[in-house]
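Colleague: Protein chains in written order, with the UniProt record's numbering: chain A, 1 to 462; chain B, 1 to 462.
Hints listed in this document are in silico derivations from the structure and should not be mistaken for laboratory results. One or more of the hints may lead you astray.
Just so you know, same-sequence chains aren't split out, so a pair can sit in one copy or run between any two.
Keeping only pairs whose Cα atoms sit at most 25 Å apart, straight-line, the calculated DSS-like set for lysine-lysine is [to be verified]:
1. LYS355 x LYS425
2. LYS355 x LYS16
3. LYS355 x LYS427
4. LYS355 x LYS293
5. LYS137 x LYS459
6. LYS459 x LYS321
7. LYS16 x LYS293
8. LYS293 x LYS459
9. LYS137 x LYS427
Computed from a predicted structure; not experimentally measured.
There are 2 protein chains.
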Amino acid sequence: METLEKNTERLEVGLKDVLRSPDDAPLIAVLDGYHPADIAEVMERLDDTDSIRVFRILDLVRAAEVLDELDSDTARYLLDNEVPERIASLLDILPADDVAEIVSEVTSGEKQEEILQGLADRAPEDAQDVRELLAFKPGTAGRLMTDRFVSLAPNQSAESAFATLRSFADDAETFNALYVLEGERLVGVLSLRDLLRARPNQRLSELMIRDIVSIPADLDQEEVARLVAKYDFTALPVVLSDGTMAGIVTVDDVVDILEQEQTEDIFKQSAIHAEPGVLNAPYFSAPIWRVVKSRVGWLILLFVAETATSSVLQHFEDELKRVVALSFFIPLLIGTGGNAGSQTVSTIIRAMALKEIRGRDAWRVLLREAGTGLLLGLLLGVIAFVRSMIMGRGLPLSLVVSLTIVAVCAWANTIGSLVPLLATKLKIDPALVSAPLIATLVDATGLIIYLNIAHMILKELH
Amino acid sequence: METLEKNTERLEVGLKDVLRSPDDAPLIAVLDGYHPADIAEVMERLDDTDSIRVFRILDLVRAAEVLDELDSDTARYLLDNEVPERIASLLDILPADDVAEIVSEVTSGEKQEEILQGLADRAPEDAQDVRELLAFKPGTAGRLMTDRFVSLAPNQSAESAFATLRSFADDAETFNALYVLEGERLVGVLSLRDLLRARPNQRLSELMIRDIVSIPADLDQEEVARLVAKYDFTALPVVLSDGTMAGIVTVDDVVDILEQEQTEDIFKQSAIHAEPGVLNAPYFSAPIWRVVKSRVGWLILLFVAETATSSVLQHFEDELKRVVALSFFIPLLIGTGGNAGSQTVSTIIRAMALKEIRGRDAWRVLLREAGTGLLLGLLLGVIAFVRSMIMGRGLPLSLVVSLTIVAVCAWANTIGSLVPLLATKLKIDPALVSAPLIATLVDATGLIIYLNIAHMILKELH
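Assemble the whole structure, with the sequences as input and the hints as a guide.
Modeller: Next up, the structure:
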């Protein structure tokens, strides 16, 4: 563990120190022995000129690995400012899927073309591979896959397969899963384990599994991650509609996606627009204007929706004037409704993401959540009643408050499950139904419930 | 893809149909060809008697794989109701880490002992391995690891290493990472790639990497997952304090943890107590009383905290009586504060989980978030001002509302970053600082800000 990350703080302090001097020797010494992921992390925290200076001093292989680990903003800056020849040599080192990812960070099409051209001058086939990957939509299996997999022929013997493995030593990304191809068509898979168990002269056609689990190139990456997690795959082959094997997606890509999707879901659930510039940037790297931009849209929308509460209260102006104590409980009641609704919506959206809830479960979900809300409301209602009586609010108002709690909790849980279910029906991403959105919807409707119950029970309002 | 999960609905319908008849033949036919993960998923949706009937009809290997995939409740029920001999044979098939996980689901110590004794009668060494794993704390690397790794000796040649690989064919969980041991001490690692590249007579001591990255057995599983994701490891060796190699944690365990931790974080962020019975159960499997239990604690706590708003408003009873329109804006102002605070707290907690924020960054974080809040508040304040003027609320009240928006947004963002930072300082898990908690804290304080600004500006209140 000594060489990992415990030292990134030391690296950062050390770098800032030696960067003050124009001498390169101490810089090289400080960087020595650090993992590319750690160098990338510290470079993201440096200012642009320092970061490019560090980048230029790294040897080619390490620079390529660091480039692969950097967030979009820093990578884009380096690509824009490094000499084209060095970029081409760096990209030449990395696998095509990583190059595609890096090149896609560059926003200008012209610059992208220039980089790909540079790579083509050096390694025309690699550049072609990258172009093919870039043709797939971002966020799909096609963009994640690598063509660095072990491919064997069905009539090979186990012994000769081992020799083939050796020829893939530098290239293949995994040896756990081996693929048997006829021409370009995937006809079977076998594991290294199967190969190790086999007799030397056994044919692969006997050893391989023909019942292949494969994914299409346009499968959403979140779905790829879920399949790998559920079925414990170490790699999944990507097969085109004509049966051609295009590449494999490996479990380590899935780990990165899971982390990224987790951030995305958290942002969506908190009503933050999940734009890549903020989503994939480390906390301090995103400029404040971009953070504001990612948050302000939903804030304004929710603000406008929330103004409905003003209209509701204005409508009941007379009641609020006559019993001013009614207003004391407004934040408590809508706050509790918002909390119950938040709990429900997060539970439902998570269950949907894990495919635990299907379309035809809608009624079961609604009944279950409304029932849960009712139970929670009854428990809280009793507490509210006792507390209000102790505070000397009198029986009628205490009754109004506690009945409202019951109704609002049941209602909030209904809204909290109904809205994501509706979104799915309307083909809207349910993860966009954030907790603040549910809270906002519950606020105005909760007030209507409250003031109507008050109207029914309080004599002063008759 | 045909055999995977698309068919779980069909499997469920088919099973429910054939389970009506006491005849076993159609049941066997319906189950044929399904993946254990899919059978487990459907079994969780059946009632207990049906689920054990399905479980008993599966052949040993499939039953073991299904048992490994089931959620705690269903697994516990089966372990409590299946004959001890069959349980012992099932556990005998699974690797020790999976058995430890299954056995730890059983809540009664007596039953646990009975199961381990049954396994010991059949496979004393396996039972011993499981006991050793159970000695590690749940949620640590020690509980996740497997001892099914390829171990080699430093003086072996590359050629003889291949022969050793063959002897591990049935046993090892991965062949990508190979471990070189001297006695029980880990002295080097090498990848299968390195071995494939080597000359047949090269010694492993020449080939292996001596600068080993290892983890201690008590490392938190979330931390294990983060390291694997950051450094793209396929497996990490777990080394005890005396240098003994205890096992490896593989990337596929990490995928499961990431998914589980993701659910846990979502629950915590929504003020749901993340107890295992609800956390790891599929949506419909958790009984409602347990769902209520997981939600009611935080709801009551937040309710009690939120009653502070009643006290604040009661304190300003006179002001609310004199200008009843002040109460119209209460939900709008505290709602907006709550939304801004939710955005901030989720951003901060995510950045903390990814270690993008460190302890000494506290002041930078606070300034950044307060600044963001101020900017957001200014934007929303302008909108609020224009809207309030158009609605004919008059200049003074419009000014009060829009100034409050500015102040509340800046304040909410400050609270939203300060509280998780404080929690970390106090060694409390910052993920427990939920969005509803921040919203609740902002509600009472936001009202104080609002009514004080009103007091300063509105002539009617002087």
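Colleague: Between LYS355 and LYS427, at a C-alpha cutoff of 25 Å, which is it: within one copy, between copies, both, or neither?
Modeller: For LYS355 and LYS427, the Cα distance is within 25 Å only inside one copy (15 Å; across copies 35 Å).
Colleague: Given a CA cutoff of 25 Å, do LYS137 and LYS427 count as a within-copy pair, a between-copy pair, both, or neither?
Modeller: Answer is within; shortest intra-copy Cα gap is 19 Å, inter-copy 44 Å.
Colleague: Given a CA cutoff of 25 Å, do LYS293 and LYS459 count as a within-copy pair, a between-copy pair, both, or neither?
Modeller: Neither: 49 Å inside a chain and 37 Å across chains, both beyond 25 Å.
Colleague: With identical chains, the pair LYS459 and LYS321 could be close in the same copy or across copies; at 25 Å between alpha carbons, which is it: within, between, both, or neither?
Modeller: The answer is both: 14 Å in one copy and 19 Å across copies each meet 25 Å.
Colleague: Evaluate LYS355 and LYS425 at a C-alpha cut-off of 25 Å and name the case that applies: within, between, both or neither.
Modeller: within (15 Å within a copy, 38 Å between copies)
Colleague: Please sort LYS355 with LYS293 into within, between, both or neither, judging by C-alpha distance up to 25 Å.
Modeller: between (32 Å within a copy, 24 Å between copies)
Colleague: For the identical chains here, do LYS355 and LYS16 meet the 25 Å Cα criterion within one copy, between copies, both, or neither?
Modeller: Between copies only: 20 Å across, 48 Å inside.
Colleague: Could you place LYS137 and LYS459 in one of the four classes (within, between, both, neither) given a Cα distance threshold of 25 Å?
Modeller: neither (64 Å within a copy, 61 Å between copies)
Colleague: Please sort LYS16 with LYS293 into within, between, both or neither, judging by C-alpha distance up to 25 Å.
Modeller: The answer is neither: 31 Å in one copy and 51 Å across copies each exceed 25 Å.
When each numbered hint is compared with the structure, violations occur for hints 5, 7, 8.
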